[in-house]
Amino acid sequence: MEFTLDQIAALINGKVEGDGSLKVSRLDKIQEGKPGGIAFLSNEKYEQFIYETEATAVIVSENFKPARSIKCNLIRVKNAYTGFSQLLEAYSNITKMGKVGVEQPSYFDESSVQGDAGYRGAFSYVGKNCKLGNGVKIHAHSYIGDNVKIGDHTIIHPGAKICSDTVIGSHCEIHPGAVIGSDGFGFAPQEDGSYKTIPQIGNVIIEDYVSIGANATIDCATMGSTLIKKGAKIDNLVQIAHNVIVGENTVIASQTGISGSTEIGNNCVIAGQVGIVGHIKIADKTTIGAKTGISRNINESGKTLFGFVGFDIKDFLKSYSIFKNLPSLQDRIKELEKKQ
Amino acid sequence: MEFTLDQIAALINGKVEGDGSLKVSRLDKIQEGKPGGIAFLSNEKYEQFIYETEATAVIVSENFKPARSIKCNLIRVKNAYTGFSQLLEAYSNITKMGKVGVEQPSYFDESSVQGDAGYRGAFSYVGKNCKLGNGVKIHAHSYIGDNVKIGDHTIIHPGAKICSDTVIGSHCEIHPGAVIGSDGFGFAPQEDGSYKTIPQIGNVIIEDYVSIGANATIDCATMGSTLIKKGAKIDNLVQIAHNVIVGENTVIASQTGISGSTEIGNNCVIAGQVGIVGHIKIADKTTIGAKTGISRNINESGKTLFGFVGFDIKDFLKSYSIFKNLPSLQDRIKELEKKQ
Amino acid sequence: MEFTLDQIAALINGKVEGDGSLKVSRLDKIQEGKPGGIAFLSNEKYEQFIYETEATAVIVSENFKPARSIKCNLIRVKNAYTGFSQLLEAYSNITKMGKVGVEQPSYFDESSVQGDAGYRGAFSYVGKNCKLGNGVKIHAHSYIGDNVKIGDHTIIHPGAKICSDTVIGSHCEIHPGAVIGSDGFGFAPQEDGSYKTIPQIGNVIIEDYVSIGANATIDCATMGSTLIKKGAKIDNLVQIAHNVIVGENTVIASQTGISGSTEIGNNCVIAGQVGIVGHIKIADKTTIGAKTGISRNINESGKTLFGFVGFDIKDFLKSYSIFKNLPSLQDRIKELEKKQ
Chain A
0 MEFTLDQIAA
10 LINGKVEGDG
20 SLKVSRLDKI
30 QEGKPGGIAF
40 LSNEKYEQFI
50 YETEATAVIV
60 SENFKPARSI
70 KCNLIRVKNA
80 YTGFSQLLEA
90 YSNITKMGKV
100 GVEQPSYFDE
110 SSVQGDAGYR
120 GAFSYVGKNC
130 KLGNGVKIHA
140 HSYIGDNVKI
150 GDHTIIHPGA
160 KICSDTVIGS
170 HCEIHPGAVI
180 GSDGFGFAPQ
190 EDGSYKTIPQ
200 IGNVIIEDYV
210 SIGANATIDC
220 ATMGSTLIKK
230 GAKIDNLVQI
240 AHNVIVGENT
250 VIASQTGISG
260 STEIGNNCVI
270 AGQVGIVGHI
280 KIADKTTIGA
290 KTGISRNINE
300 SGKTLFGFVG
310 FDIKDFLKSY
320 SIFKNLPSLQ
330 DRIKELEKKQ
Chain B
0 MEFTLDQIAA
10 LINGKVEGDG
20 SLKVSRLDKI
30 QEGKPGGIAF
40 LSNEKYEQFI
50 YETEATAVIV
60 SENFKPARSI
70 KCNLIRVKNA
80 YTGFSQLLEA
90 YSNITKMGKV
100 GVEQPSYFDE
110 SSVQGDAGYR
120 GAFSYVGKNC
130 KLGNGVKIHA
140 HSYIGDNVKI
150 GDHTIIHPGA
160 KICSDTVIGS
170 HCEIHPGAVI
180 GSDGFGFAPQ
190 EDGSYKTIPQ
200 IGNVIIEDYV
210 SIGANATIDC
220 ATMGSTLIKK
230 GAKIDNLVQI
240 AHNVIVGENT
250 VIASQTGISG
260 STEIGNNCVI
270 AGQVGIVGHI
280 KIADKTTIGA
290 KTGISRNINE
300 SGKTLFGFVG
310 FDIKDFLKSY
320 SIFKNLPSLQ
330 DRIKELEKKQ
Chain C
0 MEFTLDQIAA
10 LINGKVEGDG
20 SLKVSRLDKI
30 QEGKPGGIAF
40 LSNEKYEQFI
50 YETEATAVIV
60 SENFKPARSI
70 KCNLIRVKNA
80 YTGFSQLLEA
90 YSNITKMGKV
100 GVEQPSYFDE
110 SSVQGDAGYR
120 GAFSYVGKNC
130 KLGNGVKIHA
140 HSYIGDNVKI
150 GDHTIIHPGA
160 KICSDTVIGS
170 HCEIHPGAVI
180 GSDGFGFAPQ
190 EDGSYKTIPQ
200 IGNVIIEDYV
210 SIGANATIDC
220 ATMGSTLIKK
230 GAKIDNLVQI
240 AHNVIVGENT
250 VIASQTGISG
260 STEIGNNCVI
270 AGQVGIVGHI
280 KIADKTTIGA
290 KTGISRNINE
300 SGKTLFGFVG
310 FDIKDFLKSY
320 SIFKNLPSLQ
330 DRIKELEKKQ
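Residue numbers (numbering that gives the first Met the number 0), protein chains in the order written: chain A, 0 to 339; chain B, 0 to 339; chain C, 0 to 339.
Bear in mind the hints are in silico, worked out from the structure with no lab data behind them. Hints may be right or wrong, so weigh each one.
All copies of an identical chain are treated as equivalent in the list; a pair is satisfied when it fits inside any one copy or across any two copies.
[Claimed, not checked] Pairs of lysine to aspartate or glutamate, EDC-like flavour, derived with a Cα cap of 16 Å: (1) K229 x E206; (2) K333 x E206; (3) K127 x E102; (4) K22 x E1; (5) K195 x E88; (6) K28 x E43; (7) K280 x E43; (8) K33 x E53; (9) K98 x D108.
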């Protein structure tokens, strides 16, 4: 999509210095600007790049005074960062939200309903008795099972799989390939060493403003619901087991796994590749460092945890700094022993 | 799906106390019971909830005597837990096994055959020369390559990908998004630092009663077969590399990875986020704790391993408890040295 | 596909000893050979198997002299390993590259173009303004968004998702279920504890001869490009975050995660389940052991790193060997203290 500099200046309430009829089709970093792109200059550290950039235009603040001559066009706004953010959001809305209507072939059971202004891509599948709100986008290859509810303005990206009975709130994004509501991992050991599958009849409930990453997996509850609360952000390839509760505005980075029936509090920050055992509770505002393993309740809120089995981070770093010196420590002990 | 309490009582050989014409459509936990749901009371610890539950009905054992008045309806059976389990299984069979027939559009090469009472969802793909047994369910968006064999009553969930030449036994479940038979990760280093792809021409064989989790990946063998033996249960996001063998009734939890050509014995239990190097053997009945790394053969069966490179769990915990005290240990050494 | 031994001998420039009209349809390991298969004998260690194998034929070197009688047919070539490699590659080309043409139903926006000799499977989706080169294979259920460019002879395996604006070079393989160009994980914290989504408007650029594993995820850049350079090989379930750069001929094994804006050098080898923090640089030719965590720049090229926070491997192993002996070390300190 192409826009003239004049159109962009009108959108972000700015003033063009240069040729307002020139067209741009891309947002660039100032240090990597190329013809046809528009960048911004906010941080003084980057000022050097405005004299060299090949970008067609740069958004600058009202009070910017170039030290030397500039070859690109300028759009002056009150605050360059704010102006660029507005442009970024407008651009993102146009490119991501633009699709409306139904592509064919697609499958939509006649017992299901979809609100206004929605999109369903080719090869999307919607099963029985589903209710999709207004502005819901079901991209190509998405699977929506039976009895699924999806709130207004939620986006189901290509190839995401929403299994039967799942409930998703409004303004959520389910990224490509994510699986929501697959069977929990429950098997009853039998006397002969084999396992019998325990039927998993619960569901997944995802509240409003939640994001689920690409190829992440969230299992349904054995009974009841696996629950992802409002505003939680879950990254790619994360595993959430049956009956887990993830609190409001909790952030979970890539490849972390949370075992069955564990409850994570509100406003926690959990880094990548963390593992958390089942049937425990993590207090609100807990921060957990990358690769940490957590095997017990965290009762006090606001703690930062790190290390192989989830020490307090200060304790871990103390022990760990000595771990590095174990060889010399051992030598010192030998020396002491010799002197006895 | 709705059933009357009379219908349910007939199914589980029980007797209604209350209004047998009332309908329920959901199995609830007793502590979270809502109108339209049926729960059960087996463990005495939960007795308090039967006096408060909003569930329409609760399944109780013959000899249950309420201490106070109860507002919900009851279904009395010999053993409440057994009765509920029967109901759970019946419910699960109805909701999961119910689909029969072929939805359109779907793709089925004319050289392939499918047995009786099967299901193929819209946008399912079945390539050339496939043999699908009786009662096989190929859900929407599933991909079945060429020359694939699938035994009776196996379920391929939405969007699972079964690559060419894979053999799957009967009564298996392949969960959504799982990839079976993708190319092994094999590259031959060249003199200029680049890598040449080694053709991967083997396949994957999955025996009966195996479960493969959502978005798990199982690579085909370079030559020969990657083999998942009877009754093995593999969780979401697990990686099984080329030529691996997983033994009978072995359970592998989420996000664990097993490198090429390793053989895992029968009846092992491997927790989440474990990593196992290639070309080793793990004895039968080995238990491996979460996040453990295993880099050598485990020859003796029945061991429990834990820790960064797979110690015996007792040894690990001994060292680890001291690791926590390294700072004080170091202080003690300093003190000793001063006294010399 | 079946071939006579005469046909195979012609292909690999060999000479049949036995019945050249017999047909084989499979490449076998010599120790697992079955009728209808052809194996090879190169390494003397395996010679015993040629006297027992049930394979229809075995490829042997010119100078092979059997010690006893052999029941299978032979194909003699100059070098058995080379001959078999030729056969392996031919077989792989036939089975993998064979598909040409377009299966229906498939979706291809009229603004997009595809070169000659390509393949598009049923239920494949190609959005607007895409340019697909010659010999490109888009397998069933693959998703190609808008404005995507794919170079000659690249294979997009079943169910892979290539999001809008992605650029992929020639001779690449994107394995089943991989997600390329999904949104980066970027959220700006708000005063009330909630997070606002930061629009992700960059893309992913994948150069020539790159392989991306099954169900791996590569996020688009916030702005600019996430870049996978020429010849890089990335395994199943790997996570590459926004704005990461992976160098030429770098190999990354399964379940490793690389956080945002990190730059990995050329010719690195990164084992499985490694975690690398964001905004750091890893020098060329760095080797990183399995499960290692890397939290700082690696400036010197050619190092081998291992351990929980990425020690030099020799230092780690020294400390680790003592870690195992911490209990006895503690006892020795106690003993020393008693003697004071």
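Have a look at K195 and E88 and pick one of within, between, both or neither, based on CA distance no larger than 16 Å.
Answer is between: at 11 Å across copies they meet the 16 Å cutoff, but 51 Å inside does not.
16 Å Cα threshold - placement of E206 relative to K229
Answer is within: at 5 Å inside a copy they meet the 16 Å cutoff, but 39 Å across does not.
Within a copy, between copies, both or neither: where do K280 and E43 come within 16 Å Cα-Cα?
Neither. Shortest intra-copy (46 Å) and inter-copy (24 Å) distances fail the 16 Å Cα cut-off.
Is it within a copy, between copies, both, or neither that the alpha carbon of K22 lies no farther than 16 Å from that of E1?
within (6 Å within a copy, 59 Å between copies)
Classify it for me, K333 with E206: is the Cα-Cα distance of at most 16 Å met within a copy, between copies, both or neither?
neither (60 Å within a copy, 56 Å between copies)
First find the shortest C-alpha distance between K28 and E43 inside one copy, then the shortest across copies, and answer within, between, both or neither for a cut-off of 16 Å.
within (14 Å within a copy, 60 Å between copies)
Homomeric proximity label, K98 with D108: Cα distance no greater than 16 Å
This pair counts as between: shortest inter-copy Cα distance 14 Å, intra-copy 21 Å.
Evaluate K33 and E53 at a C-alpha cut-off of 16 Å and name the case that applies: within, between, both or neither.
Within. Shortest intra-copy distance 5 Å satisfies the 16 Å Cα cut-off; inter-copy 64 Å does not.
When Cα atoms must be at most 16 Å apart, do K127 and E102 count as within-copy, between-copy, both, or neither?
between (19 Å within a copy, 13 Å between copies)
Going down the numbered hints, you'll see the structure goes against 2, 7, while the others check out.
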